[in-house]
Amino acid sequence: MGNHASDMKPQPDSEKSYLFDKPRNVKRLLGGFYVSLVLLLLIEFFVHKHPYFEWEAWPEFYAVYGFVACVVLVVAAKYILRPLVKRREDYYD
Amino acid sequence: MISIVPPFAIFIVGALLIPLFKGPWKKAYMLCLPVIGFINLIHIPEGNQWVVAFLEYDLVLGRIDRLSLLFGYIFHLISFIAILYALHVKDDVQHVAGLVYAGSALGAVFAGDLFTFFIFWEMLTVSSIFLIWARRTERSLRSGFRYLLVHSAGGLCLLAGIVIHVNQTGSVEFGFLGLNGLGSYLIFFGFGLNCAWPLLHMWLTDAYPEATITGTIFLSAFTTKVAVYALARAFPGTEALIWIGAVMTGFPIFYAVIENDLRRVLAYSLVNQVGFMVCGIGIGTNLAINGAVCHAFNDILFKALLFMSMGAVMYRTGKINGTDLGGLYRTMPWTCIFCMVGAASISAFPLFSGFVSKSMVMDAAAHGHMRMVWFILLFASAGVFHHAGIKIPYFAFFSHDSGMRPKEAPVHMLLAMGITAALCVFIGTFPGPLYSLLPYPVDYVPYTVPHVVGQTQLLFFSALAFTLLLLSGIYPAEMRCINLDADWLYRKGGGRFYGVMDRSLNRVNSICEHVFVKKIAGCTASLFKDMIPRVVLLIMVSAWVLTGVRGERLAIKKRNVYNDIVGETLPVGISAGVAALFIILIYVLI
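From first to last, the protein sequence lines are chains A and B. So in the numbering used here, spot 78 of the first sequence is number 78, and the numbers just go up one at a time. The number in the numbering used here is simply the position in the second sequence, starting from 1, with 1000 added.
Everything labelled a hint here was simulated from the structure, so no lab data went into it. C-beta: ideal position from N, C-alpha, C; glycine also. A hint or two may mislead.
Unchecked claim - With a straight-line Cα cutoff of 25 Å, these simulated SDA-like cross-link-like pairs (lysine to any residue) come out:
1) A:LYS16 with B:ARG1405
2) A:LYS49 with B:VAL1449
3) A:LYS22 with B:PRO1333
4) A:LYS86 with B:ASP1261
Said to hold, decoys possible - One-sided excerpt, in silico: chain B residues whose CB lies under 8 Å from chain A:
5) LEU1179
6) GLY1181
7) ILE1253
8) HIS1386
9) GLY1432
10) VAL1445
11) TYR1447
12) VAL1449
13) LEU1459
14) LEU1589
Build out the structure end to end from the sequences listed, making use of the hints.
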C-alpha cells in the first residue's frame, strides 16, 4: 500500500479552505440538526400510530430509546469492555 | 437457442482463462464474465437441472427456485461490482481467486444435494484464502492460516454431519433438515461457523481486515451469505436461531465502538447484520424469511459499498486506523458521499435499502410477540447507526484533520461505488422490484408514517447521543491497541494449551522413561543376564568348597564357569549331561 502514498501531494497551508474549516458552517450544521430533532419530537403528536407493543404508543418512545441505547452502548464499551479486552498492538506478535 | 450451462461453470472456467488475456482485453474479459453469467442465469428454467448419477445417488448441479435464484442474482451483481472495483489490480492470483470464489458461491446456492453443496462449500474456503494471502504481509499470512484451520474444522464437522445424515435417511437431497439427531446438529454447527455465530465469528473479524483492499469486497459478499442461504434452506423456523441471531446483532457493536481499524469495525458490523438474517430465519414465518433474504441482498450491497469506500481510503493513504485518518472529505468528496450512502443504508434510514428489509425482520419478531428479541434488535438498529453509520464516515472523512490530502479514488473505484450507491438508494426508494423476487409473496408496506417517523427518531436521537458524547469528551478516543476476542482462544489459548500439555505430558513422559526405560529395563536385563550363572555358581561353589577347592583355583573355576555360561560356550558334553540328567530325573519322579 505504501507505493500509493506518493499519490498524496502535501499542499501548502494557505490552500483553499474547505466546507467545515469554517466554524460557522459547523455551527450551521449542528443548528440544523437540533432543529430537526425538535421537529421530529413534535411531528409525533400528529401521527396516528398502530403499535404492536403497548410501549410503542408511549410518547417519544423511539427517540428516548435511541438516545439511551447509544449512551448505554458507548458507556458500556468504554468503561466495561475496553478495560477487559484492551491489549498492546503487538500483543499477539 | 442459447445453450445454458450451470451458473458456476462460467465463473470457474472463465477465471482459469484470465491469465491468458493481457491489458485492456483482460479488463473487458473479466467484466464480461458476470454479464454472460447473468444472461445465462435468466435463461435457466426453474426446477432441477443437470442431474448427474454418482454411485447410487443423483447429484443436482442446478436446483433453480426462488430462494436460490435471488442469491444467484445478487452474487452476479456483486461480482460485477467487485471486478470493476478491482480493475487496477495487476495480480492475476487475486482475479482468479475472486472469480473462483464467486463461482463456488453460485455452485453452493444452486446445489440440490448435500454432496455437491459440500464440494462448493469447501471450494469457498480454499479460493477465499488466496484473497487474504494476496496481501503478502506476515500478518495476512498468519491470519490466513488461522482462517484456513478454523474453516477446515467447520468443514469437517459439516462433512461428518452429512455422512451421518445420508447414512440415516439414505438421501443426499439438500432440503429442509430441521434439528433432529446428531447428523443435523453437526450440519447446523458447520453452517453456523461460516455464518459467524457468536464465539464462532472470530475468523471473520480476524481475517477480513487483513485481506487485500479488493479481496475484502468479495469476502464480505459470499461466505456468510451462502451460510445464510444454507440456514434458510435447511433450518427455517429453528428456534435456537432466533436467539443466536439476536446475540449476533448485539455483541459486535460494543466491539465496533472501541475498534481502531475501520475495516475491522465493518467486519463487526457484518456480524451484526448477519444476525438480523439469522434471527429472521429462526422466526421462520413467510415475512421473516422474506426479510432475512431481502436483508442479505441489501447487506451485500451496502456492506460492499462501505468496504469499497474504506478500501479507496486505504488505497490512497495507505492507512486504515481511525487514529491515522480524518478530514479526508476535503479531497475525496465522492468517496465520502458514497460512504455516507452506505452508512445511511446499513443504518436503515428511510429511502435507503436497509430500511425496507431490516424492518421486515423486526415486524416479524413483533408479530410473534417476541418482546425481548424485538428490544435487542431495536438496540442493535440504534447501535449499528452509531458505529457503522456515524463512526466510519466521521473518523475517516471528518473528525480531526489528519493533514493528508490524497487524490480522489480512481475512476473505476468511483464507478463501482457509484453503481452500488445508486442501487442502495433505488432499492430503498422503490422496494417493489426486489420484493417481487423474494421467495414468498410480499404484502409488506415499509413506508407507513409511524414507521418512518419512529425509525427517523431512533436514528436522529442516536446521532444526538453521539454528538453529545463526542462534544463532552466521553466518547472513547480511538486508540492504537487491539481488543481481545474469541480468537484469543486459539491465538494465545492455543499456545498456552500447548505449553501446559508440553509441561505436564512431557514430564510424565520423562518420568516414565526414567523409571521404565532406564531403571526397570536395566534391572531386568542384568537380572536375566546374571541369574543363571549365579544359580549355577551357587551350586558349583558349594560343591567345590565341599570337595576342598580353595583360594586361587576356586576363583579361576568361578570365573571360567561364569564366562562359559554368559558367553554360551559350555562344552557340549556338559549340556548333554545336564539334559540326560533332566530326563532321568523326570523318569524317576514319574
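Checked hints:
{"no.": "1", "hint": "A:LYS16 with B:ARG1405", "result": "holds (12 Å)"}
{"no.": "2", "hint": "A:LYS49 with B:VAL1449", "result": "holds (8 Å)"}
{"no.": "3", "hint": "A:LYS22 with B:PRO1333", "result": "holds (17 Å)"}
{"no.": "4", "hint": "A:LYS86 with B:ASP1261", "result": "holds (14 Å)"}
{"no.": "5", "hint": "LEU1179", "result": "violated (28 Å)"}
{"no.": "6", "hint": "GLY1181", "result": "violated (36 Å)"}
{"no.": "7", "hint": "ILE1253", "result": "holds (6 Å)"}
{"no.": "8", "hint": "HIS1386", "result": "holds (5 Å)"}
{"no.": "9", "hint": "GLY1432", "result": "violated (22 Å)"}
{"no.": "10", "hint": "VAL1445", "result": "violated (12 Å)"}
{"no.": "11", "hint": "TYR1447", "result": "violated (13 Å)"}
{"no.": "12", "hint": "VAL1449", "result": "holds (5 Å)"}
{"no.": "13", "hint": "LEU1459", "result": "holds (7 Å)"}
{"no.": "14", "hint": "LEU1589", "result": "violated (79 Å)"}
Checked against the numbered hints given earlier, the structure breaks hints 5, 6, 9, 10, 11 and 14 and satisfies all the rest.
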